[in-house]
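When you get a sec, could you build the whole thing from the sequences and use the hints?
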Amino acid sequence: ALTNTTITSWKLQEIVAHSSNVSSLVLGKSSGRLLATGGEDCRVNIWAVSKPNCIMSLTGHTSPVECIQFNSSEERVVAGSLSGSLRLWDLEAAKILRTLMGHKANISSLDFHPMGEYLASGSVDSNIKLWDVRRKGCVFRYKGHSQAVRCLAFSPDGKWLASASDDSTVKLWDLIAGKMITEFTSHTSAVNVVQFHPNEYLLASGSADRSVKLWDLEKFNMIGSSEAETGAVRSILFNPDGSCLYSGSENTLRVYGWEPDRCFDVVHVGWGKVADLAISNNQMIAVSNSQTNVSWYVVDLNRVKKSGSVIQGLIQDKPIPVPTSALGTTLRRNYERPTTSCSGQEMKQSSEADRRSPEGERRSPSSEDEKDDKESSAEITNHEDFKEIFQPRSVISRTPPKKTEPFPAPLEHSFSESVLEKPGPTVKIVTPVIDRAGQLKAPIISSTPVQRVEPTVITAARPVVTTSVPSPSRPVVTITKPKPGPGIILSTRNEPIGLNAGDFLSHARNSKASVMGDEEALAQIRKGHDTMCVMLTSRYKNLDTVRSVWASGDVKISLDSAVSMNDLSIVVDILNIINLKPSLWKLDLCTSILPQIEELLQSKYESYVQTGCTSLKLILKRFWPLISDTLTAPPSVGVDITREERHQKCKACYKQLKNLSNVVKNRAEQVGRHGSTFKELQLLMAPLDY
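Numbering-wise, the sequence shown is residues 1196 to 1885 according to the working numbering.
Accuracy of the hints is not assured; some may be wrong.
Unchecked claim - Keeping only pairs whose Cα atoms sit at most 27 Å apart, straight-line, the calculated BS3-like set for lysine-lysine is:
1. K1736 x K1816
2. K1374 x K1354
3. K1860 x K1816
4. K1751 x K1722
5. K1722 x K1776
6. K1781 x K1812
7. K1338 x K1299
8. K1374 x K1414
9. K1860 x K1812
10. K1331 x K1374
11. K1414 x K1354
12. K1781 x K1874
13. K1751 x K1850
14. K1224 x K1354
15. K1500 x K1468
16. K1812 x K1722
17. K1799 x K1853
18. K1582 x K1290
19. K1874 x K1776
20. K1850 x K1816
21. K1331 x K1354
22. K1846 x K1751
23. K1846 x K1812
24. K1468 x K1414
25. K1874 x K1850
26. K1853 x K1776
27. K1850 x K1799
28. K1751 x K1816
29. K1812 x K1736
30. K1290 x K1331
31. K1816 x K1799
32. K1846 x K1781
33. K1812 x K1874
34. K1850 x K1781
35. K1751 x K1844
36. K1290 x K1338
37. K1860 x K1781
38. K1812 x K1751
39. K1722 x K1816
40. K1722 x K1781
The hints are simulated quantities; they were obtained by calculation from the structure and are not laboratory data. Since the model is a prediction, treat every value here as computed from it, not as a measurement.
Printed below as a string of structure tokens:
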């Protein structure tokens, strides 16, 4: 391991990216600063690396988003769904560009053509399609794989397409001729990733057989292979100058050279099953996901060995020959990049491909497509970051992209890089709130606040300040002063409630301020720790009790037991679950929960208000017609006990809803997103007055 004053790799941040499991994610390779995530909630969310709030949320898909890809300028993003549809968005214009239909199975791979208005898509049914975005149709279909196509990559000159598949093969396709050039079959298990060398006629592939292989694209033979990975190779990336190849497998980054095969370095990073890699400012940015969470990692490439004669992890009997080029490889042909977006030859052949394409796949825009596009939207959820990234003051500042600074490394730790693999509160987890035109979404279950101890609410009187807190258990803490409304504790915040960093940090402006010692700083942080532990233990026991009742299958009894505990946080946890399953709601559930909703709507916790609004909206939409019809129906003849019970429940619900309508009316007068949500509820409750 390298020993200097700073660590080589660290966890940058962890966020809750979606309200359900994250199903796909991709980094923007040009900047290394943009991330797109797709979820089982059918959304695509756009993030700036290291910033906690979602920039944009793209909707339109009606099934989970299984694959995403940025184009080279990072101005467009395409997402493929479980149902086989593709949607393409223009991020700068914040709008849907195209909806492409044709695949009959889950989309498993995507790539943009480097120059033209084309993109390729691969499916689990083994089909590969080439799409003309301008003409909104499939111009060619490549058939040859026998299983799912896991990765697609266009060559830098735009003439070839490489595909990696679960059938253990890598195939190379000629776009101009419309046929397969060659097939590489040395892998013994599914091939997960494939990438072209940035300059030379070389192709790299990574497989579940735990190997990375390199292929010469002039002689079409294998020129390098490594069998030393600890697990399946999930991501590969050439260094920008093409001098080495990075390979990401479970918790490990390896650096490879070729001709001869050698492993320059092995870096242990706690990223789990890494999903994607990018390079920016000589730092590797990596991203991985687990359920609803997404984590960013940084590897300082200045501290990683990328050349030399030391061989790590591989036995090399023969001496290493002197390389015949500056980059340590034998000289081979380089790609010729055309100056125009597409050559005439390519366009001509594409036109021929149109005529050969399967009937019905190359279609002109139809009313059905226009309807699909209208149902899609690009919601800007963070206007400041959106303007900074996608709408700079001058177009020139986007090419070349705006210069970014490297992420600062954490301070040296006695336990070195193993800090990344230790459990515990080492990294903040941010739960973003994704709005739709000011409408509050149901909070993610994990976002329920736990601070029932009366905290000191931090006001937003001072301007935004960002500070780093050196702490043994938390390498980097970013603290941003929130801007809450009066008395509201935001559901997403970057500063712990009741803990003022200013109490133990020296201010840079005051050069005479003395630096507080570690013990004093820790004492400030530990304030209220015991109280919090008691509260969390109590909450855990209560939740465990509710869970055991829930196991009996009666939601009403579970909810009643939560209400009887006189702890709103428990009620919120239960509601966050049943709000996601409207089928669990019954009329007698409403009678128990409506009094609790009244408390939630007046809570100082934003996430409590969100949960209350979601439940109330669900009750009004699902049960108001029943309540209204029951109360206005003429009396029945004879004795009908079931009807009488329903009438009593409806009467109780109506009375509680009338009480709630006054609360909603008062809150609807607020400005901002809360007011907007309550105005919507006020409209839903209007029939109560008739």
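Do the hints match the structure? See the list:
1. Proposed proximity of K1736 and K1816 is contradicted: the alpha carbons are some 34 Å apart, above 27 Å.
2. At roughly 12 Å between alpha-carbon atoms, K1374 and K1354 fall within 27 Å of each other, so this suggested pair holds.
3. Of the supplied pair hints, the one linking K1860 and K1816 holds, its CA atoms being roughly 18 Å apart against a limit of 27 Å.
4. Taken as a hint, the K1751 and K1722 pair is broken in the structure, with Cα atoms around 39 Å apart against an allowance of 27 Å.
5. Between K1722 and K1776, the direct Cα distance comes to roughly 39 Å. Violation of the 27 Å bound is thereby established for this hinted pair.
6. Restraint check: the Cα-Cα separation between K1781 and K1812 comes to about 14 Å, which is no more than 27 Å; the hinted pair holds.
7. Of the supplied pair hints, the one linking K1338 and K1299 holds, its CA atoms being roughly 14 Å apart against a limit of 27 Å.
8. Taking the CA atoms of K1374 and K1414, the gap is about 18 Å. The hint holds against a cut of 27 Å.
9. Restraint check for K1860 and K1812: the C-alpha separation of about 14 Å stays at or below 27 Å, so the hint holds.
10. Using a Cα cut-off of 27 Å, the hinted pair K1331 and K1374 holds, with the two alpha carbons roughly 22 Å apart.
11. Taken as a hint, the K1414 and K1354 pair is honoured in the structure, with Cα atoms around 17 Å apart against an allowance of 27 Å.
12. For the given pair, K1781 sits about 26 Å from K1874 by alpha-carbon distance, which is consistent with the 27 Å threshold.
13. This hinted pair checks out: K1751 and K1850 have alpha carbons roughly 20 Å apart, not beyond 27 Å.
14. Restraint check for K1224 and K1354: the C-alpha separation of about 20 Å stays at or below 27 Å, so the hint holds.
15. The suggested pairing of K1500 with K1468 holds, with an alpha-carbon distance near 23 Å, which does not exceed 27 Å.
16. Of the pairs offered as hints, the one joining K1812 and K1722 is violated, with about 39 Å between alpha carbons and a cut-off of 27 Å exceeded.
17. Annotation: proposed proximity of K1799 to K1853 holds, straight-line Cα distance about 22 Å (limit 27 Å).
18. About 15 Å separates the Cα atoms of K1582 and K1290, which keeps this hinted pair within 27 Å; it holds.
19. Our distance criterion of 27 Å between C-alpha atoms is met by K1874 and K1776, whose separation comes to about 24 Å.
20. With a CA separation close to 17 Å, the supplied pair K1850 and K1816 stays within the 27 Å bound.
21. Restraint check: the Cα-Cα separation between K1331 and K1354 comes to about 21 Å, which is no more than 27 Å; the hinted pair holds.
22. Restraint check for K1846 and K1751: satisfied, since their Cα atoms lie roughly 19 Å apart, inside the 27 Å limit.
23. Note on K1846 and K1812: the hinted pairing holds, with a Cα-Cα distance of about 19 Å set against a maximum of 27 Å.
24. Note on K1468 and K1414: the hinted pairing is violated, with a Cα-Cα distance of about 34 Å set against a maximum of 27 Å.
25. Our distance criterion of 27 Å between C-alpha atoms is met by K1874 and K1850, whose separation comes to about 20 Å.
26. This hinted pair checks out: K1853 and K1776 have alpha carbons roughly 25 Å apart, not beyond 27 Å.
27. A C-alpha spacing of about 25 Å is found between K1850 and K1799, which places the hinted pair at or below 27 Å, so the restraint holds.
28. Restraint check: the Cα-Cα separation between K1751 and K1816 comes to about 20 Å, which is no more than 27 Å; the hinted pair holds.
29. Restraint check for K1812 and K1736: the C-alpha separation of about 30 Å exceeds 27 Å, so the hint is violated.
30. Restraint check for K1290 and K1331: satisfied, since their Cα atoms lie roughly 16 Å apart, inside the 27 Å limit.
31. Under the criterion of a C-alpha separation no larger than 27 Å, the hint pairing K1816 with K1799 is consistent with the structure, at around 26 Å.
32. In summary, the hint linking K1846 to K1781 is supported, as the alpha carbons are separated by about 15 Å, within the 27 Å threshold.
33. With a C-alpha separation of about 12 Å, the suggested pairing of K1812 with K1874 holds against the 27 Å cut-off.
34. Straight-line distance between C-alpha atoms of K1850 and K1781 comes to about 17 Å, which keeps the hinted pair within the 27 Å bound.
35. With a C-alpha separation of about 14 Å, the suggested pair K1751 and K1844 falls inside the 27 Å cut-off, and the hint holds.
36. Distance hint between K1290 and K1338 is unfulfilled; the C-alpha atoms sit about 33 Å from each other, more than 27 Å.
37. Restraint check: the Cα-Cα separation between K1860 and K1781 comes to about 26 Å, which is no more than 27 Å; the hinted pair holds.
38. About 19 Å separates the Cα atoms of K1812 and K1751, which keeps this hinted pair within 27 Å; it holds.
39. Between K1722 and K1816 the alpha-carbon distance is near 45 Å, which puts this suggested pair outside the 27 Å criterion.
40. Taking the CA atoms of K1722 and K1781, the gap is near 44 Å; set against the 27 Å cutoff, the hint is violated.
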